[in-house]
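Novice: Now for the letters of each chain:
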Amino acid sequence: EPEVTQTPSHQVTQMGQEVILRCVPISNHLYFYWYRQILGQKVEFLVSFYNNEISEKSEIFDDQFSVERPDGSNFTLKIRSTKLEDSAMYFCASTEGQGKETQYFGPGTRLLVL
Amino acid sequence: LAKTTQPISMDSYEGQEVNITCSHNNIATNDYITWYQQFPSQGPRFIIQGYKTKVTNEVASLFIPADRKSSTLSLPRVSLSDTAVYYCLVGDSTGGFKTIFGAGTRLFVKA
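Chains as they are written, first to last, in the working numbering: chain F, 2 to 115; chain D, 2 to 112.
With the rest of the complex left out, here is chain D (with noise of 0.2 Å):
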């Protein structure tokens, strides 16, 4: 399973963008890219999905490179309730999918 390395924390004001990187040099040919939210005491919430390229939705935006050994989830315009943890998962495309979380980028949305 491929690993995957991201910002500890991050801060931002509302109104802005944030851009959150995470690199996942080992990614396998079959693995996707799917990004999850979570608020204290909730399950984690799947906000976007990506193979290669650029997958935009209602949420957000995530940027992949065509090495695919990193990928950028970009939330546009955050607001206070985006502060959250948000972590970036590697999986296969087939089989039982042992989900890995890692440990996540906490990120703090300040008025």
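Bound-form chain F, shown alone (with noise of 0.2 Å):
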């Protein structure tokens, strides 16, 4: 079954540090996301992705977030000046089309920032 793969699994960066995170979307899907999960809490949408362009984004996805599709199979969030609160799980997610469809979910990436 085809699934979706993220990149590093774990990464520990210095505050004030850019990280990118990588995601690979199941190949036919054409919609893409990224979430956060502090430890703890609940599941947080932050970006939806369409075309080549943001097609949501929530209050949480400031200017130092961006997400870019940089060829036919990578998705990536960049986060630029991390900050210790930015400590989570990140998890990208892609469906096939919009709306109701399923949203298929990577293994996430466990973000420190110290």
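Don't read these hints as lab results, they were simulated from the structure.
Using N, Cα and C, we set each Cβ at its ideal position, and we do this for glycine too.
Be aware that one or more of the hints could be misleading.
[What the hints assert, rightly or not] Facing chain F, from chain D, some residues (calculated, C-beta under 7 Å):
hint : residue
1    : Pro41
2    : Gly44
3    : Phe47
4    : Gly51
5    : Thr100
6    : Phe102
[Said to hold, decoys possible] Pairs of lysine-lysine, DSSO-like flavour, derived with a Cα cap of 30 Å:
hint : chain 1 : residue 1 : chain 2 : residue 2
7    : F       : Lys58     : D       : Lys70
8    : F       : Lys58     : F       : Lys79
9    : D       : Lys4      : F       : Lys43
10   : D       : Lys55     : D       : Lys4
11   : D       : Lys53     : F       : Lys58
12   : F       : Lys58     : D       : Lys111
13   : F       : Lys58     : F       : Lys43
14   : F       : Lys43     : D       : Lys55
[Said to hold, decoys possible] Over 12 Å on every C-beta distance to chain F, these chain D residues come out as not near it, computed from the model:
hint : residue
15   : Ile49
16   : Thr57
17   : Ser62
18   : Pro77
19   : Val79
20   : Ser80
Join these two chains into a complex; the hints should help.
Specialist: The following block contains the structure:
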């Protein structure tokens, strides 16, 4: 069964550093998403992306965040200047279509900001 | 976006049927109801989706009354491996689908 993959599985960084989290969505999917989950808390929507542009974003997704689909397979989340409170699990997801389509989630990247 | 309310936690024993109810009083005409399961340190995994009445798959059943203001996820004969957090989501069938997860229901299955 096709799956969403994410790299790295774990990342440790210093406060103020830039990090790029990578995702490879399922190949025929067209809609891509990033979520984060702070330890012990709920899954929080960050952004959705379609046709090379952001279609929805949350209040969390401020100017320090950006997303990109640099080629035909990767979907990246960049955090420009990390803060301690960015420490969380980051999940990528993709869907074939929009709306009610089932979202397939990746295994996540655990980011720790020191 | 319709807000959902679920019990924070539930306990059950192996072999029992578990029913988790979600309230979504402000559900809109275009909204579908979707349930996800999440194990610790893993991404959420789709379980079932429905619009009205009853939907059943190999994993669960979803019961939705006529007014659609609530829904019930039914897990038949749970096992220890069903211990997880279960999320009820309500979302539009069109547009960018900004997905809002609630706090979910933490199900603990005991031997």
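Novice: Run every hint past the structure and note whether it holds.
Specialist: Each hint tested on the structure:
no.: 1; hint: Pro41; in the structure: violated (10 Å)
no.: 2; hint: Gly44; in the structure: holds (3 Å)
no.: 3; hint: Phe47; in the structure: holds (4 Å)
no.: 4; hint: Gly51; in the structure: violated (10 Å)
no.: 5; hint: Thr100; in the structure: holds (5 Å)
no.: 6; hint: Phe102; in the structure: holds (4 Å)
no.: 7; hint: F:Lys58 with D:Lys70; in the structure: holds (27 Å)
no.: 8; hint: F:Lys58 with F:Lys79; in the structure: holds (14 Å)
no.: 9; hint: D:Lys4 with F:Lys43; in the structure: holds (14 Å)
no.: 10; hint: D:Lys55 with D:Lys4; in the structure: holds (21 Å)
no.: 11; hint: D:Lys53 with F:Lys58; in the structure: holds (29 Å)
no.: 12; hint: F:Lys58 with D:Lys111; in the structure: violated (39 Å)
no.: 13; hint: F:Lys58 with F:Lys43; in the structure: holds (17 Å)
no.: 14; hint: F:Lys43 with D:Lys55; in the structure: holds (27 Å)
no.: 15; hint: Ile49; in the structure: violated (10 Å)
no.: 16; hint: Thr57; in the structure: holds (16 Å)
no.: 17; hint: Ser62; in the structure: holds (17 Å)
no.: 18; hint: Pro77; in the structure: holds (21 Å)
no.: 19; hint: Val79; in the structure: holds (22 Å)
no.: 20; hint: Ser80; in the structure: holds (21 Å)
Against the hints set out earlier in the document, violations occur for numbers 1, 4, 12, 15.
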